[in-house]
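Let chain P serve as the given structure and place chain S on it in line with the hints.
Just so you know, the protein sequences line up as chains P and S, in that order. If you're matching positions, the first sequence starts at 1 in the numbering used here and goes up one per residue. If you're matching positions, the second sequence starts at 1001 in the numbering used here and goes up one per residue.
Hints were generated in silico from the structure; no laboratory data involved. Please note that a few of the clues may not be correct.
Said to hold, decoys possible - In silico DSSO-like cross-links for lysine-lysine, where the CA-CA straight-line distance does not exceed 27 Å:
no., chain 1, residue 1, chain 2, residue 2
1, P, Lys255, S, Lys1215
2, S, Lys1258, P, Lys250
3, P, Lys212, P, Lys72
4, S, Lys1340, P, Lys250
5, P, Lys169, P, Lys154
6, P, Lys270, S, Lys1215
7, P, Lys250, S, Lys1215
8, P, Lys270, S, Lys1333
9, S, Lys1100, P, Lys85
10, P, Lys136, P, Lys107
11, P, Lys266, S, Lys1215
As the list claims (entries may be wrong) - Only some residues are given here: those of chain P computed to face chain S with a beta carbon under 7 Å:
no., residue
12, Pro5
13, Gln7
14, Leu9
15, Pro208
16, Lys242
17, Cys243
18, Lys250
What the hints assert, rightly or not - With beta-carbon atoms standing in for the labels, derived distance ranges:
no., chain 1, residue 1, chain 2, residue 2, range
19, P, Trp179, S, Val1287, 38 to 48 Å
20, S, Lys1340, P, Arg131, 51 to 61 Å
21, P, Pro100, S, Arg1196, 52 to 62 Å
22, P, Pro100, S, Glu1105, 20 to 30 Å
23, S, Lys1340, P, Asp148, 55 to 65 Å
24, P, Glu37, S, Lys1010, 53 to 63 Å
25, P, Ser133, S, Ser1165, 52 to 62 Å
26, P, Glu37, S, Glu1105, 14 to 24 Å
27, P, Gly224, S, Glu1077, 45 to 55 Å
28, S, Gly1308, P, Val105, 32 to 42 Å
Glycine residues also receive a C-beta, built at the ideal position from the N, C-alpha and C atoms.
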Amino acid sequence: MNENPYQPLNSEIVDIIDESPTIKSFVVVPEEKIKFETGQFVELTLPGEGEAPFTPSSSSTETEKMEITIMKVGRVTDLLHQCKKGQKVGIRGPYGNGYPIDDFVGKEVYIVGGGVGLAPIRSLFLTLVDRISDFKSVVCRFGARTPDDFIYKKTLFGSWQKIDGVDIKLTVDEANGSWDGNVGVVTTILAPDDVKIKNAVAVVCGPPVMMKFTTLKLLEFGFGTENIYLSMEKNMSCGIGKCGHCMLGKYYVCKDGPVFTYDMVKDIPKIWD
Amino acid sequence: METVFISKLKPFLDAVAERLDLYVPKKSGQHYIYGRYDPSAEMLVEFNNIRTCAPIKEFLFPIQELAAIFPEAVEPEEVKPFAIFGLKDCDLRSIEILDKVFADEEFRDPFYVARRENMFIISSDCSDPGESCFCNLLDGRPFAESGFDLNVSRVRDGFIIEAGSDKGRDFIKKHSQLFVDVPEALLAERDKNRARTQKQLEQNNAELKLDAPIKEIVQNCQDSDVFDAEAERCVECQACTMVCPTCHCFYLYDTVQKDYFAKMKMWDSCMRLSYAAVAGGADPYRVPSDRIKHRLMHKFVYFLDRYGIDMCVGCGRCVDADVSRLDIRMVLKKLSEEFKGKGKKKAKVAK
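The shape of chain S in the complex, shown without the other chains:
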C-alpha cells in the first residue's frame, strides 16, 4: 500500500508524534513558521499553501552549534528522531543540495549527517504559490515526486498520503487502521489540482522567463553593469543568505568555556564585508557588487559545475526577506536581456 487516504489530518499527525518530535507549520502574520506539534492542543494544524518563511536548513545545520571540544574530544549528544510536516518540493531540493555539501564521501559533517539520518520528511503539495515563488524557472514544481518519506496532498474531503521511502511505507503499514484506499476519482482530483497550481505558477512568472540557461547568462555577464547598479540598493543586511535554504557558508570560531575550549560553527554570509578577507589585508570581495556577483556565480555556475545541480531552488525567500528589495529574479532577468543583446551584437559582427 503506497498511496492511501485519510479524511482528517489530526489522527495522522498524532500517529507521527507518537514516536517522533513533530514540527508543523504555524501561521505568523502572513508567513508560516515551524513550531512543535502538540497533540493535546485543540488548534487545527495549518495545511500550508506554500513553504515556510524560515529555511529548512535550520533543522539540519543550526544557526550555531558546537563543532569540537578541546582538549578532550566528546561525542555530541544523540539526535532524537524528528519529523517535519509541510515541506515543499523546493525544501526537498534544498536538502538534496545540502546533502551534496555536508554528506559527501570525502569529508562528512557528522553533525549534519546525524540529524539528516534522523529526519522523517512529510512533504505536501503547494496549493497557492506565493508572489515570490519562482521554482518553475529552476526545474522545480509545486509538488514533490521524490525526496520525501511521506507526501500529503489535500483533496476534497481529506488527504492523499503517498509513501516515498521504506521509512514511509513502514509507517503506512504500521498504521494501516488509520487509512483507507484512495478512490480513483480523488487521485484524478489531485492531478488536476497539481496541474492547476503548476499553471498558476507559470502564469505568475510568465514575464520572468529567461532566454538561455541561467549558467550561460551569469557566466557571460560577469562584466555587466547590472551588478553595480543592483549593489547600489543593497544595504548588506545579509538576509538573502540567512533565509536561503541552500546557502551553507559557515564560520568556525573558538571560545573559552568554564572548563574547556570550544570550537563553534555558525552561519556566515558571503554578503558580509570582509567575509573572504585574509589577515594580510587582501580581500577579493571588498565592494557589494563583487559579493553579489560571487553569490550568483556560486549558485548558478560553480555549484552546478561541481555537483551537477543549481544551488538555488527558486523558493523566493530571499525576495521576501530583502529589506532593500534586491530581487534575484530581476537581476537574472536584467542579465538575461543583456546576454540576449550580446548575442545580437556578436551576430552582427559575424555578418
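So that you can see chain P by itself, here it is in the shape it has in the complex:
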C-alpha cells in the first residue's frame, strides 16, 4: 500500500481566538509536526462534515502548532466556528507553492491585503520579520470593511507597527467609533512612492475584487507583471492536482499555486471570478 494522500493527519484544536464578528483563528496541534512554506495551504477536515482549504496564518518556522484563521462563509466554516477547544480535526498537506521568500532578499516587499486575506499575509509577515535584515523593507497596506473587521487587531495596531524596517498603513471602507485613519478601499492608500518599484516585489491577498483593482493599480505604478504575487482562491479539494475543481486555465491552483505571479495568470479569462 502506497501512502494515502487522502488520509488526514489527526489533529486537535487547542485554542480559538475571536478575531472579528465573522472570523476566528484556530490553533491546531497535529499529531506529527507539519513543516510548510509560507503561502502553502492545508486541507482541514471537520470529521464527518467536510473539508476546506486554508493557508495557515502562523509563521512557517513554527511546526509544533499551526494557526488557521477562518471566516464564516459556508457550511464547513460555519460548523468550524461552532467548534470548541479539544475538537478533533484532520489536516492534509501542506500543498502547492509558497511565496519564494529567497527571491525577495534585498528587496522592498510591498504587501497589500484585505479582509481575511490578512491570514496568509500574517504568516508571510511573521516569516519575513524573523529575518527582517534580509529585506530592504516590508511595506504593508491593509484594508478592512470596518475597524471591527480587522483581524489580528492587537498586533496589527500595536507591536507590528513598531518593528524596524516595517511600515504599515491601514484603511477601512466604513469608519465607526474612534477610527481616525483613512476611509476608503485599499487602493486609496497605495502611492507610487510607497516603495522603489525597480527593487520591489508586491504581494496581494484579499477578496477577488480587491485583488483585481490592486493589481491594476500596481501595474499603473509600473510594477512588472512578474513582480506581482497573487494568492489565488479556487475550489481546492484534493490538493494534489487530480480532482479538477481548482483549475485556473492550465493550472491546478492546488499544485501550481496558490501563489502565482500576475504574469502567469494574466492571459487566463475570468481569473477574478
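This is chain S only, laid out in the frame that chain P set:
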C-alpha cells in the same frame, strides 16, 4: 511464442477465469456492458464489434469509493486480480490517460494503482465501428498494437491471440496446450480485416476531418459564439462526463458512519453547476457555455500541454449518451470552420 491461434473462445476464457475474476462484454439492447464471466453458462461470449457503453474507468476508479477513515487509518481491502476481455484501442488509450493522472510519481492514488496493478487486459480488434466512433480523428485505430496483456483478433475459423506484455507471454506459455501456431494466411487475413475496418472508420468520418490540430482550433476559438449556441441545447445532464473514459474529476466528501468518520471519493463533473464555486460565492463557470469551453480546453489544450496527450480518445460515448444531442464532433467541426475563417481574415488583413 508471441502470437498464437485458437479456434474457440471458450477454452481460452475458461483458462483466464481459472485464476482471475473475468469480465466480458454482454449485449444490452444496442450496446455492450460488462458482466462477470461464468464458465458454467452455456451462453456464447459476445465478440464485441466496438467498445462497451460504460467506460473502463469504472474498473479502476469506481463511481464511489472509500478514500480515508478517521481517526484510525485503515489499509484498504486487497484488490483481487481481475481480467477484462474485449477492451478496444480507445479503452487502452483511456487507461494511458488515467495513468498520467492517478499513477504519477509525485502523488500516486493508491486505490487506483492497486487496481491497475491487478488488472489483466485482454483487448480485441473492432470489426464494425459504431456511428459515433471517431478515434481516427484522434490518432486512434480500430485495433491495438500496445497497452494490452493479450489481444484477440477474430479471423476465419477462430481467433489470433497476441501477447503484449510479460504477463501475457507467461499466460500463453502456461496454457500452450490450448493454442497452435498461427497459419501465415490468417495473419494476412487479420491485417486485411484491420485495414478494412480502418477504411470504414475513415469513410464514416470523412466529413468530420478537421483542417488544423484540435489544440490550435480550440485555443484560438475561445471567444467563439459556437459555445453559446451549443450551450443552448445542453440540459446539464452531465452524461458526457460520466460516460467519458478519460474524464476523471472527482469529489471528496465526508460522512459519519456507525463508529468512524469516512472520507469518500465520488465521480464529479465539470458540467455541474457550481462545480468550481467557492464558499465565498465566486464561480468562474456559472453558465453552461463556459463549462463546455472549459471541458474542451481541458481535453485538447491543458491536458496536452501538461501530459503530452489529448484527454479524448474519440470513443464517441459522449455522443451516444447526451440526451440533448450535443455532439463534440460537431462542436469541433464548427470551431474548425470558424478557425479556417479566421485564418482567411488574417491573410486578407496581411495583404
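Query raised in the report: Is Lys270/P within 27 Å of Lys1215/S, Cα to Cα?
Result: This hinted pair holds, its Cα atoms lying about 20 Å apart.
Query - Beta-carbon spacing of Lys1340/S to Arg131/P - inside the hinted bounds 51 to 61 Å or not - result: holds (57 Å)
Query raised in the report: Between Lys1100/S and Lys85/P, is the straight-line Cα distance small enough, at 27 Å or below?
Result: With Cα atoms ~42 Å apart, Lys1100/S and Lys85/P exceed 27 Å; violated.
Requested in this report: Take a look at whether the Cβ-Cβ distance between Pro100/P and Arg1196/S falls inside 52 to 62 Å.
Outcome: holds (58 Å)
Requested in this report: Go ahead and decide if the range 14 to 24 Å is satisfied by the Cβ distance of Glu37/P to Glu1105/S.
Outcome: holds (21 Å)
Query raised in the report: Holds or violated: are the alpha carbons of Lys266/P and Lys1215/S at most 27 Å from each other?
Result: holds (20 Å)
Query raised in the report: Does the structure keep Lys270/P and Lys1333/S at a Cα separation of 27 Å or less?
Result: holds (26 Å)
Requested in this report: Measure nothing beyond the straight line between the CA atoms of Lys136/P and Lys107/P; if it is 27 Å or shorter, mark the hint as holding.
Outcome: Holds: Lys136/P and Lys107/P sit about 5 Å apart, inside 27 Å.
**Report entry** Hint check for Val105/P and Gly1308/S - Cβ pair distance inside 32 to 42 Å
**Finding:** This hint holds: roughly 36 Å between Cβ atoms.
Report task. Could you check if Leu9/P really has its C-beta closer than 7 Å to a C-beta on chain S? Result -> violated (10 Å)
Query - When the least beta-carbon distance from Lys242/P to chain S is tested against 7 Å, hint result - result: Holds - the Cβ of Lys242/P comes within 7 Å of chain S, reaching about 6 Å at its closest.
**Report entry** Pair hint Lys1258/S and Lys250/P, alpha-carbon separation not exceeding 27 Å
**Finding:** Cα-Cα ~41 Å, so violated.
In this structure, the earlier hints numbered 2, 9, 14 are contradicted, and the remaining ones agree with it.
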